[in-house]
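Protein chains: 2
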Amino acid sequence: MPADLSESGADPAAPDEILFPNVRIVLVETTHPGNIGAAARAMKNMGLTRLVLVNPRLFPHEKAVWRSASAADVVHGAEVVESLDQALEDCQLVIGTSARDRRIPWPMLEPRACGEQVFRAQQARNQVAVVFGREAHGLKNEELQKCHFHVNIPTGRAYSSLNLGMAVQVLSYEILQAHLAAEAQHLGDKAAGSAADQPWDIDFATAEANEHFFTHLETTLLEVGFHDPENPRQLLTRLRRMFNRIRMDKMELNIMRGFLTAINRLAKK
Amino acid sequence: MPADLSESGADPAAPDEILFPNVRIVLVETTHPGNIGAAARAMKNMGLTRLVLVNPRLFPHEKAVWRSASAADVVHGAEVVESLDQALEDCQLVIGTSARDRRIPWPMLEPRACGEQVFRAQQARNQVAVVFGREAHGLKNEELQKCHFHVNIPTGRAYSSLNLGMAVQVLSYEILQAHLAAEAQHLGDKAAGSAADQPWDIDFATAEANEHFFTHLETTLLEVGFHDPENPRQLLTRLRRMFNRIRMDKMELNIMRGFLTAINRLAKK
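Read top to bottom, the protein sequences are chains C and F. Using my numbering, read the first sequence as starting at 3 and increasing by one per residue. Using my numbering, read the second sequence as starting at 3 and increasing by one per residue.
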């Protein structure tokens with residue numbers, strides 16, 4: 003009996019929809035081809051498709067294809083260029099990944115704000131690049147200075163060096179999150195329910211039905227001698243809180259009512 | 003001349019601080035040892051240290067250690083158990099990763115809400131498990147039904163299957179984000195500035211200094227004949243917007259004033 007199941011999932015009719023045609027991921031002088039493949043998979047998982055490689059050490063390479071799994075199209079479609087300037091030529095927003103370094107203060111973004119900036123720039127049809135440096139040394143100062151913003155992925159203190167593919171994953175995830183948040187907002191404007199609502203198969207119980215349930219529960223507790231109205235010990239309050247916390251659906255409530263009725267019958271025997 | 007540089011970075015005195023002692027990442031029947039290593043690195047990068055492996059196919063294995071890079075301690079410290087029940091025994095909050103599947107509706111969390119739930123449970127000193135399934139098939143229904151919540155990482159439509167290590171990365175990232183957000187809130191309560199403020203080495207210019215600059219800019223534009231007050235074409239408005247967007251610091255403003263003064267001197271010759 004599916005009811006207010008708010009549909010926010012995939013549209014199988016558009017499996018190859020390109021969400022971010024103007025956003026490129028730029029990898030500078032990547033050493034390990036496996037990381038290129040991992041980055042490609044992370045990108046495609048998050049709806050990104052355009053990969054630009056600046057002087058990769060080993061490319062093309064079978065390891066890049068293997069690690070990309072079903073994102074081999076992103077690997078094969080990667081543009082290879084000889085300089086970061088070539089990679090950025092037509093870009094209107096350039097964001098470079100950076101360790102938090104106080105020697106060259108630069109407008110810094112958190113990953114979430116980075117995702118939002120990239121999304122807004124894509125919406126405005128700007129060309130956008132998110133640039134990742136070498137596995138061991140990151141981006142050089144002169145490369146970082148080509149960027150409008152720097153982005154730093156916060157880490158724990160014990161180990162701050164993220165794998166390159168993982169860094170691409172986190173920032174790509176935040177770009178898609180910004181897109182989905184805007185989409186949910188849009189849906190929320192159009193309909194009563196938000197796309198962030200949990201899908202559920204049964205209507206939730208109404209407040210009225212819940213009150214009937216709580217009354218029924220109380221009488222049943224009295225009936226079975228468990229609840230002493232002279233010495234309540236917050237029993238009903240705690241039960242209310244517990245049942246309200248799970249937000250019962252109609253079927254669950256009916257089951258509980260049936261259970262209580264069965265107890266009542268037993269008590270009257 | 004460092005001034006209002008709000009300190010929010012690492013504390014080198016506490017490199018091995020354990021942020022989430024009560025949170026365990028549980029990997030069920032992982033096939034590739036490389037994924038165990040990647041997960042360990044992702045965890046340690048985000049301040050997580052406790053890894054539990056349910057029936058890993060190949061473990062211990064050198065590939066797990068190699069892929070973990072500097073998180074070999076997490077790999078070596080992993081607990082290996084024979085059943086998910088063993089892994090979850092003392093857990094008070096269990097969250098399982100799941101594809102969005104309408105056949106078994108379950109309380110679903112977005113990754114961000116998952117991070118917040120895990121963080122709050124850690125704060126309350128609850129034992130928490132975040133459970134990841136097999137590379138090819140995920141978690142089985144009976145495993146998912148041991149969870150309080152399911153979490154789904156949203157993807158683009160073209161390719162929805164995340165690599166296991168990447169999934170661990172995204173959820174671990176959101177757990178640390180929840181911790182950092184709470185920390186920033188705490189710092190924000192204590193001091194005027196928030197920890198999310200951009201670090202900068204020089205004080206920002208005051209509004210008064212900016213106004214003097216804009217006046218100086220206008221007179222200079224007139225002086226050099228670039229600005230025609232009879233036909234302004236929004237020139238000053240556009241310049242204001244640009245410089246305000248830059249949010250000049252005091253040193254930058256002094257440099258600009260010096261530049262204008264030099265132009266004035268030239269014009270007066």
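Treat the hints with care, as some may be off.
Claimed, not checked - Simulated pairs of lysine-lysine, DSS-like, Cα-Cα distance not exceeding 30 angstroms:
1. F:Lys252 x C:Lys148
2. F:Lys65 x F:Lys142
3. F:Lys148 x C:Lys252
4. F:Lys252 x C:Lys142
5. F:Lys270 x F:Lys252
6. C:Lys252 x F:Lys142
7. C:Lys252 x C:Lys270
8. F:Lys65 x C:Lys65
If you are wondering where the hints come from, they were derived from the structure by calculation, not from laboratory data. All of these numbers come straight from a predicted model, not from anything done at the bench.
A quick look at each hint next to the structure:
Using a Cα cut-off of 30 angstroms, the hinted pair Lys252 of chain F and Lys148 of chain C holds, with the two alpha carbons roughly 23 angstroms apart. A C-alpha spacing of about 26 angstroms is found between Lys65 of chain F and Lys142 of chain F, which places the hinted pair at or below 30 angstroms, so the restraint holds. Distance restraint check for Lys148 of chain F and Lys252 of chain C: the Cα-Cα separation of roughly 23 angstroms lies within the 30 angstroms cut-off, and the hinted pair is therefore satisfied. For the hint pairing Lys252 of chain F with Lys142 of chain C, the CA-to-CA distance comes to about 27 angstroms; that is within 30 angstroms, so the pair holds.
For the proposed pair Lys270 of chain F and Lys252 of chain F, the alpha carbon gap of about 27 angstroms is at most 30 angstroms, so the pair holds. Taken as a hint, the Lys252 of chain C and Lys142 of chain F pair is honoured in the structure, with Cα atoms around 27 angstroms apart against an allowance of 30 angstroms. Simply put, Lys252 of chain C and Lys270 of chain C have alpha-carbon atoms about 27 angstroms apart, close enough for the 30 angstroms limit, and the pair holds. Restraint check for Lys65 of chain F and Lys65 of chain C: satisfied, since their Cα atoms lie roughly 15 angstroms apart, inside the 30 angstroms limit.
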